[in-house]
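In case you want the letters, here they are:
Number of protein chains: 2
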Amino acid sequence: MADSKPEAKKEGRPKARLPRGFRDRGAAEIAAERAVIETVRKVYEGYGFEPLETPAFEYTDALGKFLPDLDRPNEGVFSLKDDDGDWLSLRYDLTAPLARHVAANFQHLTKPFRRYQTGPVWRNEKPGPGRFREFLQFDADTVGSASPSADAELLMMLSDALEALGLARGDYVIKLNNRKLLDGVLEAAGIALDDRARRGTVLRAIDKLDRLGIEGVIALLGEGRKDESGDFTKGAGLSPDQAQRILSFVAPDAKDEEAHLNQIGILVGQSAVGAAGLNELEQIVKLLMACGYGPDRIVFDTGVVRGLDYYTGAVFEAQLTFPVQNEAGETVIFGSVAGGGRYDDLVARFTGQAVPATGVSIGVSRLISALASRGAKPQALQPLVVVTVMDKADAANAFQTVAELRAAGLRAEAYVGTQKFGDQMKYADRRGAAIAVIEGGDERAKGEVTLKDLALGAELAKSVESRAAWTANRQAQVSVPRAQLVSQIKKLLGRS
Amino acid sequence: MADSKPEAKKEGRPKARLPRGFRDRGAAEIAAERAVIETVRKVYEGYGFEPLETPAFEYTDALGKFLPDLDRPNEGVFSLKDDDGDWLSLRYDLTAPLARHVAANFQHLTKPFRRYQTGPVWRNEKPGPGRFREFLQFDADTVGSASPSADAELLMMLSDALEALGLARGDYVIKLNNRKLLDGVLEAAGIALDDRARRGTVLRAIDKLDRLGIEGVIALLGEGRKDESGDFTKGAGLSPDQAQRILSFVAPDAKDEEAHLNQIGILVGQSAVGAAGLNELEQIVKLLMACGYGPDRIVFDTGVVRGLDYYTGAVFEAQLTFPVQNEAGETVIFGSVAGGGRYDDLVARFTGQAVPATGVSIGVSRLISALASRGAKPQALQPLVVVTVMDKADAANAFQTVAELRAAGLRAEAYVGTQKFGDQMKYADRRGAAIAVIEGGDERAKGEVTLKDLALGAELAKSVESRAAWTANRQAQVSVPRAQLVSQIKKLLGRS
Numbered sequence: 043m044a045d046s047k048p049e050a051k052k053e054g055r056p057k058a059r060l061p062r063g064f065r066d067r068g069a070a071e072i073a074a075e076r077a078v079i080e081t082v083r084k085v086y087e088g089y090g091f092e093p094l095e096t097p098a099f100e101y102t103d104a105l106g107k108f109l110p111d112l113d114r115p116n117e118g119v120f121s122l123k124d125d126d127g128d129w130l131s132l133r134y135d136l137t138a139p140l141a142r143h144v145a146a147n148f149q150h151l152t153k154p155f156r157r158y159q160t161g162p163v164w165r166n167e168k169p170g171p172g173r174f175r176e177f178l179q180f181d182a183d184t185v186g187s188a189s190p191s192a193d194a195e196l197l198m199m200l201s202d203a204l205e206a207l208g209l210a211r212g213d214y215v216i217k218l219n220n221r222k223l224l225d226g227v228l229e230a231a232g233i234a235l236d237d238r239a240r241r242g243t244v245l246r247a248i249d250k251l252d253r254l255g256i257e258g259v260i261a262l263l264g265e266g267r268k269d270e271s272g273d274f275t276k277g278a279g280l281s282p283d284q285a286q287r288i289l290s291f292v293a294p295d296a297k298d299e300e301a302h303l304n305q306i307g308i309l310v311g312q313s314a315v316g317a318a319g320l321n322e323l324e325q326i327v328k329l330l331m332a333c334g335y336g337p338d339r340i341v342f343d344t345g346v347v348r349g350l351d352y353y354t355g356a357v358f359e360a361q362l363t364f365p366v367q368n369e370a371g372e373t374v375i376f377g378s379v380a381g382g383g384r385y386d387d388l389v390a391r392f393t394g395q396a397v398p399a400t401g402v403s404i405g406v407s408r409l410i411s412a413l414a415s416r417g418a419k420p421q422a423l424q425p426l427v428v429v430t431v432m433d434k435a436d437a438a439n440a441f442q443t444v445a446e447l448r449a450a451g452l453r454a455e456a457y458v459g460t461q462k463f464g465d466q467m468k469y470a471d472r473r474g475a476a477i478a479v480i481e482g483g484d485e486r487a488k489g490e491v492t493l494k495d496l497a498l499g500a501e502l503a504k505s506v507e508s509r510a511a512w513t514a515n516r517q518a519q520v521s522v523p524r525a526q527l528v529s530q531i532k533k534l535l536g537r538s
Numbered sequence: 043m044a045d046s047k048p049e050a051k052k053e054g055r056p057k058a059r060l061p062r063g064f065r066d067r068g069a070a071e072i073a074a075e076r077a078v079i080e081t082v083r084k085v086y087e088g089y090g091f092e093p094l095e096t097p098a099f100e101y102t103d104a105l106g107k108f109l110p111d112l113d114r115p116n117e118g119v120f121s122l123k124d125d126d127g128d129w130l131s132l133r134y135d136l137t138a139p140l141a142r143h144v145a146a147n148f149q150h151l152t153k154p155f156r157r158y159q160t161g162p163v164w165r166n167e168k169p170g171p172g173r174f175r176e177f178l179q180f181d182a183d184t185v186g187s188a189s190p191s192a193d194a195e196l197l198m199m200l201s202d203a204l205e206a207l208g209l210a211r212g213d214y215v216i217k218l219n220n221r222k223l224l225d226g227v228l229e230a231a232g233i234a235l236d237d238r239a240r241r242g243t244v245l246r247a248i249d250k251l252d253r254l255g256i257e258g259v260i261a262l263l264g265e266g267r268k269d270e271s272g273d274f275t276k277g278a279g280l281s282p283d284q285a286q287r288i289l290s291f292v293a294p295d296a297k298d299e300e301a302h303l304n305q306i307g308i309l310v311g312q313s314a315v316g317a318a319g320l321n322e323l324e325q326i327v328k329l330l331m332a333c334g335y336g337p338d339r340i341v342f343d344t345g346v347v348r349g350l351d352y353y354t355g356a357v358f359e360a361q362l363t364f365p366v367q368n369e370a371g372e373t374v375i376f377g378s379v380a381g382g383g384r385y386d387d388l389v390a391r392f393t394g395q396a397v398p399a400t401g402v403s404i405g406v407s408r409l410i411s412a413l414a415s416r417g418a419k420p421q422a423l424q425p426l427v428v429v430t431v432m433d434k435a436d437a438a439n440a441f442q443t444v445a446e447l448r449a450a451g452l453r454a455e456a457y458v459g460t461q462k463f464g465d466q467m468k469y470a471d472r473r474g475a476a477i478a479v480i481e482g483g484d485e486r487a488k489g490e491v492t493l494k495d496l497a498l499g500a501e502l503a504k505s506v507e508s509r510a511a512w513t514a515n516r517q518a519q520v521s522v523p524r525a526q527l528v529s530q531i532k533k534l535l536g537r538s
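Residue numbers (my numbering), protein chains in the order written: chain A, 43 to 538; chain B, 43 to 538.
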């Protein structure tokens, strides 16, 4: 309406912009994501896992202190105060909501409770290139079983999912470790395990081995470290001997597997928790080997500890092994796309009763980038047919035509804009349509319809002088009897 | 670990509860939702619409004042302050983010720009029974075309989608109206159209016709209305004659279509906007009729105005016509499951330049409830096979067995808990498994495996005296050669 101009004053207009760290996604990326989700979903459902969905919001106290980064306990999440004064937060992962769900419904759940969940999570962190504040995770967890079977199952399932996504054996490796081993090393080195803060500092120091190297980690295990910007990170305050024992565990210099296990045995010493870790690891590996999931897929690697504080047993991480180009055009190893482990204390936060649990989380957005960098073709939409409208009176005719094409299983649209024919052809081109259908008065009088092969037209126009483009254009065009519309289009699309 | 007890003090424990107005959803509902989304998606993609995803957050000023309820302009959305002082809000619909996307990318978009989007939206409203603060919408919009073709296309597409979802002709009706007609009536009645506040009050009064009846609407068009609780809602302040003209439009007493159109002609009088509305309506109906979308699917109904302020032309609403049981067990007509219309001013908020647009939104959660109340069977997961584990040493064997079953296309899980055999059978029952596979030492020695048909077992146990249950149990069990495992299971599942 001419007289409705909301906020007509220019200074009153909001800017059309995305909040920092968020983005819009188009058809190609959505299709790729859908393909990944469907593939993983089928694998997980094949294993008997069933879907659960929790809401975006949880009470802030229910998310508790299991934040991704304990260094900044009050950051990391998006929070707001509800009308009734309670604080709500958007979930930052899918594990904390699962713990809340299990605690709230414990009596009614069939244990072991095995569910998968996929959906966005939100992190209130500083955005950067390729670092977003909203991204998709795909989790599977088994709650209520302390058996190493449950861990082994997740490892096999993750391996199956990665291969179902098109990753070949050798394109990825799942590295397996056990937190109890590290705890055993700490205990044997005389570091108190109930000093949770120090233990957390040690974990996060080790987790930075890839990035900071041995020198950096030694500094973080000791007094602390000053980074390039001059910021100082306080260390765990271990003695050089203690730090060395931990490093010997995390970055072993053993020549072979046997020497490695011997070395661990020495580092763990008489620690009961260390022995328990070795036993769990052995049982998991035994199951994996029996099912053919050998070191070409899953390997024991003490370098993987996972940064999160809440793991209590097996920890693992799936890494891609092939080089990719990063945003800066540098060739890098892509690294981790999934990870997980056993966390036996998460439900106890609510109930006081320990409930054994183990889980795996796939970073879907990261995985899609990785698959794309491999040149994996995202599942494309079907080829599109655009039916042009020669004059207004033709609109009904065009709609009838597309209905006929759709009934034959084709993707087809009638032009619904108000531009002239030439612009409609440009529209069809820009839409990436495969074929344009032209059915004006002349064609209709002859009982014909004209089909233009847009892909061929573009190809021909490229290969000839521009003055010959018109002829090329003609070559890509064919008039066929109206009754053969569907069959001729299918023929052009190579689907007859 | 025995020594890790986070927040061991009882008073420090958070409650395991969902925030008000949010909920968890299980496998059946997720499967139903997935089926609806896939069906609608296929129809929309068949029409050439392509997916777009915008993030959960927008800048609050970008969402602007197009809130669902103008009576409470500062409520309705979840908002929080970003680190840099800017306010962010969670999207409350998918239209406002689309307007932002179009305004930000206008030059690069191929017009008409036709996209669909599905995802959760959040409303910070008082929750109630069946009223949630997070729910799913499925939108399709055409931006950049003022042609009635664009509106007609959405109406046909919505009709196709509802029928693809299993609604029969007659189970639903799409009611079509045009805001310009109402504006014509207002103008002819001497009510200034640029008095947006009053126009909005009139719209919302009319929108309550179903709920409040004619008397209630007359009160809201006049001085105002006191509801049952004693709360007074201020009215639009129209004269009795003005109110009567509007009511004659909204709730006509004409005997037939012709008389109705005559009546509208009189009410609209010399209003230019009213004449434009009649012309648009006529063109849309003409296209619909030419394509066979007659009054058995789409009807003209002046009673539909839609409460939202931003519509500028065609408005429509899909209603289900069959009775359902509500939460209180009363039989009611389900009502609206989708709606939309033309909104030519939404992008102008950002750019100052009017961009014609029209869209449709399906309330997926409401639609699923409606389909469920019709007894529509949600797409179930495949039948499940549970392989029991007689003793720990069997776990590897059970994993090999399920791998074999999955390779044959079955959904199968090995028991990963730590309970004994009897509890494993209870687990299989509670999981709703179709078949349990038992392969203990005895069976293995004979080269056999035992299959228990759990559905048959439950059936037999029901039909006989409990003392005969043991025999019944035996009948539902069969031992077969191990080599026939897959074929026998497929036979039991009726899939051989």
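Among the hints, erroneous ones may be present.
Heads up, the list lumps identical chains together, so a pair's fine if it works in one copy or across two of them.
As the list claims (entries may be wrong) - In silico BS3-like links for lysine-lysine, alpha-carbon gap of 25 Å or less:
#  : residue 1 : residue 2
1  : K123      : K268
2  : K153      : K268
3  : K123      : K168
4  : K462      : K57
5  : K328      : K462
6  : K297      : K268
7  : K297      : K276
8  : K250      : K488
9  : K250      : K57
10 : K297      : K488
Treat the hints as calculated values from the structure; they're not laboratory data.
Outcome of the hint check:
| no. | hint | in the structure |
| --- | --- | --- |
| 1 | K123 x K268 | neither (37 Å within a copy, 32 Å between copies) |
| 2 | K153 x K268 | neither (48 Å within a copy, 54 Å between copies) |
| 3 | K123 x K168 | both (22 Å within a copy, 14 Å between copies) |
| 4 | K462 x K57 | neither (32 Å within a copy, 64 Å between copies) |
| 5 | K328 x K462 | between (70 Å within a copy, 21 Å between copies) |
| 6 | K297 x K268 | neither (33 Å within a copy, 86 Å between copies) |
| 7 | K297 x K276 | neither (34 Å within a copy, 84 Å between copies) |
| 8 | K250 x K488 | neither (74 Å within a copy, 54 Å between copies) |
| 9 | K250 x K57 | neither (40 Å within a copy, 35 Å between copies) |
| 10 | K297 x K488 | neither (83 Å within a copy, 45 Å between copies) |
Checked against the numbered hints given earlier, the structure breaks hints 1, 2, 4, 6, 7, 8, 9 and 10 and satisfies all the rest.
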